[in-house]
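A.B. asks: Line order of the protein sequences matches chains A and B. Residue 140 in the working numbering sits at position 140 of the first sequence, and the numbers go up by one each step. Going from the second sequence to the working numbering is simple: count from 1 and add 166.
Keep in mind that the hints were calculated from the coordinates and are not lab data. Note that the Cβ used here is the ideal one computed from N, Cα and C, for glycine as well. Treat the hints with care, as some may be off.
Unchecked claim - Which stretches of chain A does chain B cover? Using the computed rule of at least three CB atoms under 8 Å from a CB of chain B, they are:
hint, region
1, 45-52
2, 68-77
3, 81-88
4, 108-118
5, 125-135
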Amino acid sequence: MPVPFTPPPLPSDDKRWKIVNGTMRKNGFARYALIETLHTVQSSFGYLDDDSIRFVANSLRVPLSQAYGVVTFYHYFSLKPPGKHTLTICSGTACYIKGSDKLVDAAAKRLGIVAGQTTGDGKISLMTARCVGACSRAPVALADGEVAGEMSGEQMLEQLERWAVE
Amino acid sequence: MTIEELDQIALSVRQENAKYDYEVNVCMDLACASQGAGLLRDELVKAAEASGKKVLVRRTGCMGPCSSGPLVRVDPEEQHYHHVTANYAEAIVAGLGGKPVPELQCDLNDHFDGQVRVVLENAGHIDPEKIDDYISRDGYKALLTVLTEMTPNGVIHRITESGLRGRGGGGYPTGLKWSTVAKATGDVKYVVCNGDEGDPGAFMDRSVMEGDPHRVIEGMAIAAYAIGATKGYIYVRAEYPVAVARLTTALREARRRGLLGSNLCGTPFSFDVEIRLGAGAFVCGEETALIASIEGRRGTPKPRPPYPAVSGLWGKPTLLNNVETYANIAPIVRNGGKWFANMGSERSKGTKVFALTGKITNTGLVEVPMGIKLREIIETIGGGVPGGHKFKAVQTGGPSGGCIPADMLDLGVSYDALMKVGSIMGSGGMIVMDDTSCMVNVARFFIEFCMTESCGKCIPCRAGTAQMFTLLTRICNGVGTMDDLALLEDLCVTVKETSLCGLGQTAPNPVLSTLKYFRDEYLEHINHKRCPAGVCNIQAPVEVLA
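All chains, please: the whole structure from these sequences, using the hints.
C.D. replies: Here it is as structure tokens:
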């Protein structure tokens, strides 16, 4: 007789794990819930680390290799904790035509990092997005998720200054 | 829910609206919201209350001309106000029934006159979070008519008769797709909506999902009835959180009204929809990759056949259409296939929504009848290129499309015409470029996109796009040779003809089309180490001392 499956215990008593577990339970711990669950982990914890991937994989009975494969396949998932603030510059076509690449260069120069990294003090992350769908206001940048259109280099650097001196 | 009950809801909404003398509609789509439309609406509500006038302040989805945002439309006068900020709220309310606010007035007649709105018929007229608003504009009438008066075959016949073709870009006849899935054997079938609008520079589907979510759900439910499915999935990009929230609300409301769930309208038909989130992979717009992603796996495409119509989600027959395709279904059912077929051109029927962006005066969403000339879209509706610059090209179809030069502006927009000139219809991104845009650089941008987004499954796409990117970078940097150009052209053909899925097969299109129409720019980079548009950063050649 097959042994009924018992999902592993929550990694800690951090309440956020209950939210993660909730997503899996809602989907009956089915394997297809992998991406959904990883979304919940990322929105709860800000990123995915080894412990969380292992917990989700074990709970859904997905091989670790497959879980890690999914995490690294999709750009939306991040394996590193985000900085206190995140500047995301849209690099969709309309934004590119209106010079978003120059914004990325200027921000990278100011912060001393390249896109996708976080400053050493953990304050600011610089990201690029494939297109946030605000093309009519290109070039677009998101300051902590807030969409700002027709972004100029000066405006962007001012924002970075404000964050830096906080 | 019966048709009578539906009519009753519509009537009560109209009666409720009739209590007001004026309607102030505030566009709350992303572009307007990012410029303070939220605060504006709050101030308008306050001002309306303070004034004692009977004013209904309504938030709506995208009205279209985003470059004029934040936008407000005052009804019944149909007066548009542009660039409205919150401090004008009192002036707007004070002007109701009297003189409009002069500094906010704008003339959008040229912009709207050339448009025909089918998919966007409710945009700017309903609150996307209120199902009753949608019902008051004939919403769900098509679904209930289909359930009570039509056979599944009758529905498919009507869709076939309309001549509707897939709005995701491929242009496959929708009626034919539906009848294939309907004929496929299997007791379990699925309806899937592709809301993974990956084309960077396009946002039609986002606007439809955010501004009129019930339209998509109704289209899916009609499709489910026609093919015999009971379960549907909407696959939405995680980058569109508002769309996800609006669809979630819409689904909940539809269930509450008995328009989704078991035994709809007292018939044996049951249907429900779940949302699945994408996670940032362009290739998931490809149908087999999208299905893999819904199943919780890496989004890598599979060779076809078998097509999803025969073996799709979890190996079951699956109908997969784009957001805009589903958004066309309800009006076709309501008004008949012939009505739809009367619009558009010979082989491309109906209308198409385009996201007009780039170097153009009126950026935003437009819906035009198929067959309309590109010139009319760009010069009349779009208002032309601003800043005294000269129009150079328009890019359609995103990374799978091509650049169309100025001397082809009299081309009528249709699937076949665009294909013939080396571009594609695509999902509807239309990016205008002027003389400050370098076409080699644009080609490099798209190839870089495809290189990063290649899933890596097949070699021509994985390695080919990387090599093409290297060659284009050399040309952009002024170190390219004529041999590089020859190799690039050769690679284009290889990648196009041997890649597994649509991503690779169409990736060379931006390069091929720019090579065809703007070859002189490539030659200028190679032979004279000069970028005519001044975009590429070409270092002055180091003089070799003799």
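A.B. asks: In ascending order, which of the hints set out earlier in this document are inconsistent with the structure?
C.D. replies: 1, 3 and 4
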